[in-house]
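> This is what each chain is made of:
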Amino acid sequence: MKNYHSLSEIQKAISDGETTLPAVVEGYIQNISNSKSLNIFLETFEGESLERAKEIQTKISEGNASSLAGAVIAIKDNLCYTGHKVGAASQILNGFESLYSATAIKRLLEEDAIIIGRVNCDEFAMGGSNENSSFGSVLNPLNPEYVPGGSSGGSAAAVASNCCLVALGSDTGGSIRQPASFCGVVGVKPTYGRVSRHGLIAFASSFDQIGPLAHNVEDASKVLEVISGKDDMDTTSSSVAVDKYATFDGGTGKKKIGYIHECITNEALDSDVKAKHLELIDKLKVQGHTVEAVNLEELKYLVPTYYVLTTAEASSNLSRYDGIHYGYRSGEATDIESTYTKSRTEGFGDEVKRRIILGTFVLSSGYYDAYYSKAQKVRRIIKEKTEKLFEEYDFLMSPTTPSCAFKLGANTGDPIKMYLEDIFTVHANLAGTPAVSLPLFKHSAHQLPFGVQFMSAPFEEKALLGFAHNLMNTPSLKD
Amino acid sequence: MRQHLENGSKSASSIKFALMKVDEQLIDKLAKLSRLEFKDADKEAILKDMERMIAFVDQLEELDTEGVEPLIHVSEEVNVYRPDEVTEELTQEQALKNAPKHDSFYFKVPKVVENPDDK
Numbered sequence: 001m002k003n004y005h006s007l008s009e010i011q012k013a014i015s016d017g018e019t020t021l022p023a024v025v026e027g028y029i030q031n032i033s034n035s036k037s038l039n040i041f042l043e044t045f046e047g048e049s050l051e052r053a054k055e056i057q058t059k060i061s062e063g064n065a066s067s068l069a070g071a072v073i074a075i076k077d078n079l080c081y082t083g084h085k086v087g088a089a090s091q092i093l094n095g096f097e098s099l100y101s102a103t104a105i106k107r108l109l110e111e112d113a114i115i116i117g118r119v120n121c122d123e124f125a126m127g128g129s130n131e132n133s134s135f136g137s138v139l140n141p142l143n144p145e146y147v148p149g150g151s152s153g154g155s156a157a158a159v160a161s162n163c164c165l166v167a168l169g170s171d172t173g174g175s176i177r178q179p180a181s182f183c184g185v186v187g188v189k190p191t192y193g194r195v196s197r198h199g200l201i202a203f204a205s206s207f208d209q210i211g212p213l214a215h216n217v218e219d220a221s222k223v224l225e226v227i228s229g230k231d232d233m234d235t236t237s238s239s240v241a242v243d244k245y246a247t248f249d250g251g252t253g254k255k256k257i258g259y260i261h262e263c264i265t266n267e268a269l270d271s272d273v274k275a276k277h278l279e280l281i282d283k284l285k286v287q288g289h290t291v292e293a294v295n296l297e298e299l300k301y302l303v304p305t306y307y308v309l310t311t312a313e314a315s316s317n318l319s320r321y322d323g324i325h326y327g328y329r330s331g332e333a334t335d336i337e338s339t340y341t342k343s344r345t346e347g348f349g350d351e352v353k354r355r356i357i358l359g360t361f362v363l364s365s366g367y368y369d370a371y372y373s374k375a376q377k378v379r380r381i382i383k384e385k386t387e388k389l390f391e392e393y394d395f396l397m398s399p400t401t402p403s404c405a406f407k408l409g410a411n412t413g414d415p416i417k418m419y420l421e422d423i424f425t426v427h428a429n430l431a432g433t434p435a436v437s438l439p440l441f442k443h444s445a446h447q448l449p450f451g452v453q454f455m456s457a458p459f460e461e462k463a464l465l466g467f468a469h470n471l472m473n474t475p476s477l478k479d
Numbered sequence: 001m002r003q004h005l006e007n008g009s010k011s012a013s014s015i016k017f018a019l020m021k022v023d024e025q026l027i028d029k030l031a032k033l034s035r036l037e038f039k040d041a042d043k044e045a046i047l048k049d050m051e052r053m054i055a056f057v058d059q060l061e062e063l064d065t066e067g068v069e070p071l072i073h074v075s076e077e078v079n080v081y082r083p084d085e086v087t088e089e090l091t092q093e094q095a096l097k098n099a100p101k102h103d104s105f106y107f108k109v110p111k112v113v114e115n116p117d118d119k
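So the protein lines, in turn, are chains A and B. Here the first sequence stands for residues 1 to 479, numbered as in my numbering. Here the second sequence stands for residues 1 to 119, numbered as in my numbering.
Among the hints, a few may not be true.
[What the hints assert, rightly or not] Derived DSS-like pairs: lysine-lysine, alpha-carbon spacing no greater than 25 Å straight-line: (1) A/K283 - A/K417; (2) B/K21 - A/K300; (3) A/K385 - A/K254; (4) A/K85 - A/K274; (5) B/K43 - A/K85; (6) A/K417 - B/K43; (7) A/K85 - B/K48; (8) A/K417 - B/K21; (9) B/K108 - A/K300.
In case anyone wonders, no lab produced these hints; they're calculated from the structure.
Chain B with its partners taken away, still in its complex shape (with noise of 0.2 Å):
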């Protein structure tokens, strides 16, 4: 585990890290991946924000991971099964409670069929 330290920092991905800048375009595109808006001064303070926490999670590079398999379950359980049978957990009218808008059978959404870009 010790040398995983000393060796250090090289590794093919290290480049990617010098390069990595924070400008208002990946805002943007991650803004629009998550689904979310910033305007203005909300923008600003993102950005300043997510440069600050870039440079933070940067320094994990300074490990040597060469050869170690991501952990992806922290759980030992393994092959949880349950027999396939349709249970009814929850009715319609339950599902459909919490919904801000809703008639008896369904979900209301605004109107779908339109393409905002050809407004």
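Bound-form chain A, shown alone (with noise of 0.2 Å):
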């Protein structure tokens, strides 16, 4: 079948007539059944799927369909699908079903997306390569011998794979933009609060957010507006009022941007990135935007910061994995304790045994004030620097990642050198504030693709998008 690669594509086929919805959704059935070997999704939903698309073709032929008519989704395990499998890429979750539908979910399933199924991920969305599932890793589309990136890396590899129009992921350090920079897709991590958590699988919960990877701005932007807003379920969603993202109004003036010193000068930098990056940074000049360099002297302290924090609450968030309530119970646990210990020892693979462990170590006492306390004061020193940066600039900008996709296995033996793949994305999580990674260059050493990260002030997200937008439709920009 064609590819599609844009929802107005679709919409325009399917009222063309050039196709139906049904015949959109088996293409992309047939698309993930021919990429089987990238190990992308964990379940299809295919006669459902199909069902559905029968139903929504109905109501685009009356005339009465919904915004997201035609919309072809898949979600990464870590979000709740009522009646669905969910399990966070952990043994720990076997055979466990959802109860209930994320409000993510449930906003997409009333705007008439499809669910086509869920995706590989790290688990418990902890790992920057996909390296971590308990189900074997996510090979990169563009190069099966490297990584898609991590932790949403079935999300960023089946939107690069054609096996669906849009993917959600969450990103807690930079889980949606990385492996979109690694797998040349656009990702967009919303504000914090912007988008109900309720419903996704705990791992940080003060940094934690659901957002979309996509062929393209528009989409992301469409599908951000659906799930975007208040909700009841979640304490923490904003009230504030959701901006039509993908109207693009307004996103045409000029800017005043900055770029992190920080960024450019970091010794991780591959040369090339850093050299198509100084280029962006020129034609953005002659475009008419100011760009100059600010200062973020504290970047190196960014990712411990984001490791005591995360690891602490993971710690906490994990606790409920106890063999008993849900979820997986060891054959060896013969009273109360063996339940708890045995159960989470074969149930938690090696990486989110180590981030407990950390975690429980940061929050102990005697160590507290040292690390958890001291990492929460360090995080508001980031938060009010960030604050004031964009007092005065619209947007900041660095590399998403150092370099392209690395291959498979050459981070494994090191989690600190694999926690530093996150040194530029998570600056926009202990803020919290939006981010995209734009797939804008492709490396000149082996073609793969690699993004820029444009950040914006909190709930700005129309402003960010809408210049993202204009940045992926001139073609000047792009390598």
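Build the complex from these two chains, which are given one at a time in their own frames, with help from the hints.
Laid out in structure tokens, this is it:
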């Protein structure tokens, strides 16, 4: 079948009678089947997707379909969908079936989107390469010797391999933007609180956000608009009104952009990534935007701060996996202690255990002030500094990642090296701001894609996405 | 903000970092608190990883945070209330559905009345 790269393209093809929604869905199912070796999908909801496609096709024909009719969406395996399995790619949730749908999923369905399946990820969204899944690594569709990034590696790979139009991922420290960069797709991490976390399996509750990965900014914006907004089921969801993100009115003005000096001079930065980033800065200036260097002296402290806080939150969140109420129980559970200990020891993977142990350490008596409380203070410094920068600048820019996708197994021996993958992305999660990764570049050496990241002040998604949409549609800015 | 960096490293808690040693005893204590078990080779690996990870996060000590309030909530929402009404979100059957062992009314666990230390 023909591959579609935007919702408007699908909607037009259907309304012109060139195709039907069931045919579009069948095409995606065929692509999923053809790309099985990439290990993207944990489960495909074939029968029900086709059923729903028929129903929505009828609505389209009758002229009463909703805004996302035609959108075929894959969801990360940490999003609950009533009556469907979900497991955060972990053995500890073996066999678990959702009793309710995440608010984001519910809102997509209400707008006539089709959920085509659930996709692989790093276990409990902990990882930067999708090599931490208990269901095996996802391979990068652009070159299967390379990782797709993580933790939303399956989501990025699903979009890149045309197995869906849009995918939902979650981003705690870069888990949407980094795989988007590695797979050459658009990834959006919304403002903290913009999208309800109800039904998202918790990793670090003050960092986690659900967001879209798509071929273009337009589709990502349409989906974000639908899933955003206040939700009674998540008290941290924001009551700030949701703008019309996908109208892109007002995105064309000249902007004031700060590029983060410490990112550009970072020793981990690949020379080609750096060169192309500097080229983009020049091109933006030529377009009339003001682009200036800004300082973020704290850059090297961002990832350590992030690890103290997220592991602390994770150790607490993951204490619910007790081998009793749901999920996996060890066959060697003989009393209450061994039910907890054996089930958790057998059910969690190595990276998850590492993070639970570190989180328990930073929260434990005697170390709490020196680590956890300290990191919370650093987080305030970073947040306030970021707010100050946004008083002066519309956007902050940096490369999304220091380099392109790496080969499978290249970083698995060294957790710190893997953690530093997130060096440019954790900033937005620490400060709670929105950020996008745009796939503007290809690496000169091996032609793998990489992205540029733009951040805005909280709840400025409309301006950020409008600007991003313009960039993506300016051919001279592309590599 | 800049003086946070320049004033550098001295605060009351810095002594703690210098003395921080990751040993088997600490791993055992953390494992017990986390209800996890590490045996032999696994214990060596987690000890090594923890040494590296703690050294990594120890960098934070270089920043002066004197007088800075810890940031606890990122959300700007305040006093989010809901009516105090009882609703049945899940039925008993649903609540028990995903349990590894259950009967019609209860989650089932191994016998708990014996103290394992007395065996």
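> Now look at each hint and say whether the structure bears it out.
Here's how the hints hold up against the structure:
Using a Cα cut-off of 25 Å, the hinted pair A/K283 and A/K417 is violated, with the two alpha carbons roughly 32 Å apart. Of the pairs offered as hints, the one joining B/K21 and A/K300 holds, with about 23 Å between alpha carbons and a cut-off of 25 Å not exceeded. As the CA atoms of A/K385 and A/K254 are separated by approximately 24 Å, the hinted pair is consistent with the 25 Å bound. Taking the CA atoms of A/K85 and A/K274, the gap is about 42 Å. The hint is violated against a cut of 25 Å.
Only pairs whose Cα atoms come within 25 Å are accepted, and B/K43 paired with A/K85 is rejected, the gap being roughly 33 Å. Distance check on the hinted pair: A/K417 and B/K43 sit about 21 Å apart at the alpha-carbon level, within 25 Å; holds. A C-alpha spacing of about 36 Å is found between A/K85 and B/K48, which places the hinted pair above 25 Å, so the restraint is violated. With a CA separation close to 22 Å, the supplied pair A/K417 and B/K21 stays within the 25 Å bound.
For the given pair, B/K108 sits about 49 Å from A/K300 by alpha-carbon distance, which is inconsistent with the 25 Å threshold.
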